[in-house]
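A.B. asks: The residues making up each chain are set out below.
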Amino acid sequence: MVEKTPILDFFTYAFLMLGILIVGFPIIYSLIAATLPLDEVSRVPMPMIPGDQFLVNMTEAWTRGNLGTQITNSIIMATGITFGKIVVSMIGAFSIVYFDYKFRKLAFASVFCTLMLPVEVRILPTYEMAANVLSPVQTIWDFLHLNGLVSWFTGNDFSLSLNWSLLDSYPGLIFPLIASATCTFLFRQFFLTIPEELCEAAKIDGATPMIFFRKILFPLSKTNIAALVVIEFVYGYNQYLWPLLVTTNTKMTTAVIGLQNLIPQADDLPEWNIALGGALLVMLPPVLVVLFMQRWFVKGLIEKEK
Amino acid sequence: MKLSRFCLLFITAVCLALPASAFAKPVTINWWHAMRSARGEVAAKMIADFNASQSDYKVVGTFKGNYDETMNAGVAAFRAKKQPHILQVFEVGTQTMMLSGAVYPVFELMKDAGIEVDWSRYLQAVLSYYMNADGNLMSMPFNSSTPIMYYNVDMFKKAGIAPLSKTEPVTWDELGEITKKLVDAKIAPAGMVTAWQSWTQIENYSAIHNIAFASKANGYKGLDCKLEINNPTVAKHIERLKSWADDKRFMYGGQKYQGPKSEFIAQNAAIYIDSISGIAKLKKAVKDFKWDAAPLPIEAGTKPQNSIIGGASLWVLNGHTKEEYKGAAAFLKFLSSNQMQEYWHKETGYFPITIDAYEDLKSKGYYTANPLQEVGITQLNRAIPTEISRGLRLGYFVQIRNIINEELEMVWNGKKAPQKALDDAVARSNTQLATFAKTYK
Amino acid sequence: MIKRSFFKSRYLPYLLIFPQILVTLTFFYWPAIQGILQSFMLSDPFGRKSTFVWFYNYIELFTDPLYLKSILITFVFSLATAAVSISLGLFIASMANRALKAKALVRTMLIWPYAVAPAISGIMWLFLLHPSYGVVALAIKKWMGIDWNPVLYGSDAMIMIVMASAWKEVSYNFVFFMAGMQAVPKSLIEAAAIDGAGPLRRFWTITFPLLSPTFFFLTVMNIIYSFFETFGIIHTVTQGGPGGSTNILVYKVYQDGFVGLNLGSSAAQSVVLMSLIIIITVLQFKFVEKKVQYSG
Chain A
1 MVEKTPILDF FTYAFLMLGI LIVGFPIIYS LIAATLPLDE VSRVPMPMIP GDQFLVNMTE
61 AWTRGNLGTQ ITNSIIMATG ITFGKIVVSM IGAFSIVYFD YKFRKLAFAS VFCTLMLPVE
121 VRILPTYEMA ANVLSPVQTI WDFLHLNGLV SWFTGNDFSL SLNWSLLDSY PGLIFPLIAS
181 ATCTFLFRQF FLTIPEELCE AAKIDGATPM IFFRKILFPL SKTNIAALVV IEFVYGYNQY
241 LWPLLVTTNT KMTTAVIGLQ NLIPQADDLP EWNIALGGAL LVMLPPVLVV LFMQRWFVKG
301 LIEKEK
Chain B
1 MKLSRFCLLF ITAVCLALPA SAFAKPVTIN WWHAMRSARG EVAAKMIADF NASQSDYKVV
61 GTFKGNYDET MNAGVAAFRA KKQPHILQVF EVGTQTMMLS GAVYPVFELM KDAGIEVDWS
121 RYLQAVLSYY MNADGNLMSM PFNSSTPIMY YNVDMFKKAG IAPLSKTEPV TWDELGEITK
181 KLVDAKIAPA GMVTAWQSWT QIENYSAIHN IAFASKANGY KGLDCKLEIN NPTVAKHIER
241 LKSWADDKRF MYGGQKYQGP KSEFIAQNAA IYIDSISGIA KLKKAVKDFK WDAAPLPIEA
301 GTKPQNSIIG GASLWVLNGH TKEEYKGAAA FLKFLSSNQM QEYWHKETGY FPITIDAYED
361 LKSKGYYTAN PLQEVGITQL NRAIPTEISR GLRLGYFVQI RNIINEELEM VWNGKKAPQK
421 ALDDAVARSN TQLATFAKTY K
Chain C
1 MIKRSFFKSR YLPYLLIFPQ ILVTLTFFYW PAIQGILQSF MLSDPFGRKS TFVWFYNYIE
61 LFTDPLYLKS ILITFVFSLA TAAVSISLGL FIASMANRAL KAKALVRTML IWPYAVAPAI
121 SGIMWLFLLH PSYGVVALAI KKWMGIDWNP VLYGSDAMIM IVMASAWKEV SYNFVFFMAG
181 MQAVPKSLIE AAAIDGAGPL RRFWTITFPL LSPTFFFLTV MNIIYSFFET FGIIHTVTQG
241 GPGGSTNILV YKVYQDGFVG LNLGSSAAQS VVLMSLIIII TVLQFKFVEK KVQYSG
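Residue numbers (my numbering), protein chains in the order written: chain A, 1 to 306; chain B, 1 to 441; chain C, 1 to 296.
Since the hints were made in silico from the structure, they are not lab data.
List time: in silico DSS-like cross-link candidates among lysine-lysine, alpha-carbon distance up to 25 Å:
no., chain 1, residue 1, chain 2, residue 2
1, C, LYS49, B, LYS81
2, B, LYS82, C, LYS49
3, A, LYS203, C, LYS8
Using the sequences plus the hints, can you model the full thing?
C.D. replies: Given below as structure tokens:
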């Protein structure tokens with residue numbers, strides 16, 4: 001650092017190696033396990049030399065765990081959430097920051113409240129909501145006794161029963177998770193740092209708000225968007241509780257949940273080589289996204305704090 | 001109003017036009033179940049056989065996850081008006097299903113579909129768990145099991161103990177002597193280990209000795225029931241097990257079955273109490289010692305009642321057409337045929353539910369070749385179920401079992417005396433029961 | 001307030017904010033209100049009847065030893081996870097901060113656990129700590145002589161999930177600590193070095209205090225993470241067992257609501273959880289405001 005301290009440097013690098021080893025150990029171990037045949041992976045202790053069964057185990061995990069369908073579901077869900085959240089929040093933040101209208105503050109406050117309550121806190125009622133998205137309309141209809149009103153008006157018996165279920169569907173997986181306004185908040189903070197002059201200049205040039213958005217705001221936000229793509233994709237892909245409840249159809253299971261089927265239960269053969277091989281396959285998409293977009297991602301994480 | 005009349009006409013016309021095309025196809029019956037992997041394949045074959053045997057109905061089976069996931073899927077589907085025709089629900093969910101207002105009782109289903117069923121030809125101990133208070137069957141038993149006692153034959157031989165009878169239960173006192181011999185001679189590190197302690201040591205213990213588990217005939221007769229497991233007999237049994245734990249005649253292996261089973265397989269315990277489903281598991285996993293099975297022990301001087309079942313049953317849900325219900329009834333009847341019952345029993349070890357199937361297998365010599373499979377059936381059949389040995393009908397049963405598990409664990413850990421633990425379990429469970437009763441008032 | 005220049009448009013702002021508001025109302029506010037209402041009622045799972053019972057569910061909760069135990073378990077679990085992952089993250093970050101040359105490489109090698117789902121982390125650690133053949137389990141049994149068995153002993157199960165959760169969070173904390181350390185003005189460090197302070201002293205007297213907003217922020221984020229996102233770990237690895245020793249609050253909400261089918265109690269538990277998180281977040285905002293003013 002400031003002074004030359006070779007001993008301290010040595011220790012620094014040594015501890016760094018140790019730290020990296022601690023963090024990397026589970027994955028290295030899983031990698032080795034995924035290359036071994038069954039009798040070696042259940043040997044006590046497991047040998048640390050990689051075997052040659054990598055492709056065999058991976059293929060087995062893929063077919064047995066139905067990983068193809070599941071990873072596709074996960075990717076669709078994650079992409080939907082990423083895209084949905086970013087689009088909805090960008091235009092929402094644009095509205096809150098660049099327009100002055102009566103409900104502006106209220107809109108922002110209501111959106112801000114969602115920040116601190118993740119879906120896990122409200123799972124049951126959100127689940128019922130997904131089971132019938134029209135239930136608020138139904139409730140209000142019933143509450144106002146509109147059935148009776150319409151019956152009286154038309155002279156026939158009338159009963160409205162609204163039902164739109166999002167269970168076991170991609171919208172069901174995606175929409176409820178868009179409701180968190182973390183991205184809106186972030187974009188708002190970011191838009192507030194953009195110099196006033198740009199907006200003034202655009203107005204003088206007679207640009208419509210949407211042209212300003214497209215030609216100036218959007219390009220400036222690219223770094224933020226990139227960071228959010230990473231954050232939201234990882235967030236969406238790794239969702240556990242919500243997909244667990246919303247999907248019961250095995251064709252709609254997401255990868256992180258479906259992986260459970262590969263875990264050896266107490267009665268089964270301890271085929272951890274297959275289970276861990278499957279785990280490695282499942283974790284691949286988000287890890288790749290993070291690794292490739294590292295720079296923007298780190299920048300975005302830090303921006304989030306401020 | 002002209003407009004509403006026109007709409008009505010239009011909709012009616014459309015509705016009439018549609019089913020015309022549907023008449024040619026068989027009626028689809030949806031069955032949601034929780035049978036995974038091997039058992040799922042057996043169920044799939046049974047469905048395929050039914051579909052092949054006739055052309056009016058087509059059953060579609062869907063695996064929905066484990067028991068609580070399947071039940072939840074069913075509940076959610078019902079609320080969304082997308083429920084299946086048949087839903088497999090575990091035994092602890094029986095009370096919830098009965099009070100749901102969402103089910104079509106099986107005895108009514110069969111009657112309305114015009115299918116004659118001689119319920120007396122069914123194993124009463126299995127049926128009685130799913131009957132209402134009047135003795136009518138609400139849901140069709142599908143996979144039923146009961147606990148039995150497995151033991152390490154090699155260890156017994158080394159200690160000079162003769163193999164146990166498969167029909168006459170030993171007494172708990174005798175078991176105490178057996179385990180003492182094994183532990184003192186250092187043949188076994190511990191004597192006995194048990195899985196599902198609430199089910200085997202309290203529920204079944206009470207049923208076998210004709211002791212009430214809860215008031216109002218174990219909850220069959222009313223929602224305002226209270227637990228009664230803190231009675232002197234059960235308390236003495238738990239005290240006995242605790243004193244055995246102190247000298248290693250009993251070892252606590254965990255709440256479910258994985259822990260106890262691995263202790264038995266690793267030969268850390270000589271005796272293992274678990275469901276008959278353990279037979280298949282032990283056959284696969286035990287390689288280096290001989291083992292056998294016997295009925296659960298009883299108190300000296302009692303004439304034992306039947307043991308009670310665990311597992312799941314098939315419920316038929318409301319909201320479908322008469323035609324579809326005929327199909328559901330036909331499917332349930334098909335499942336009760338000798339051929340299906342024997343196939344299910346042989347492949348999975350779960351009980352055949354009809355006496356006919358049982359006797360047919362007996363005459364074919366199946367039980368002479370596989371004596372293990374008969375231990376559970378004999379135990380189940382040895383007496384006509386009484387009002388309090390036919391089963392349990394409690395709300396929030398899942399929570400109650402958790403409470404009992406927790407309290408018993410504190411006994412084994414030495415943190416609570418047996419009587420106090422049972423008293424606390426009763427108090428806490430009664431709170432659950434009271435909340436349940438309030439919900440359904 | 002800063003004067004902002006605004007666009008003038010009658011309908012556009014409403015149109016733009018509409019999707020966000022719609023989704024928030026539908027999937028956040030309506031369920032939240034329903035949840036609060038449901039916590040005051042006893043409902044049967046099939047939706048046939050609901051009885052209004054005032055605070056009955058809440059009273060039942062707070063007189064239930066199982067629930068109080070769950071609160072304790074959640075706090076123990078989250079504090080342990082936060083402590084382990086923050087200290088490890090800080091340690092690695094300070095080491096990496098000194099290793100000028102390899103910074104980018106180190107970051108690459110440490111950042112990817114962020115992308116791993118907690119449930120998958122749970123699976124890997126389940127394998128490592130499996131009482132029959134897990135390599136770490138064997139090490140514990142051999143070198144420390146402890147009878148390690150997370151299937152049987154609650155404390156062992158707790159250690160297992162703490163490890164699985166903390167491992168994942170280390171990379172998150174690492175990133176923030178690294179950034180925080182790089183924001184420390186070099187001039188301060190050099191001045192201290194000239195004054196004769198060794199590297200360790202410099203760390204504790206200068207770097208660490210300047211990191212305290214980061215530190216505090218991470219504590220809150222870690223606690224919130226372990227309150228909620230670890231559901232996947234618990235469900236995959238221990239299912240709340242053995243004997244309810246890893247039954248954290250969010251898992252209990254799921255257990256009672258979806259397994260036990262007691263909707264009122266589950267809703268009440270959700271409301272309690274909501275309040276806890278709001279309190280923690282509010283405390284964070286207040287505290288951070290103060291700290292920011294102090295460091296000026």
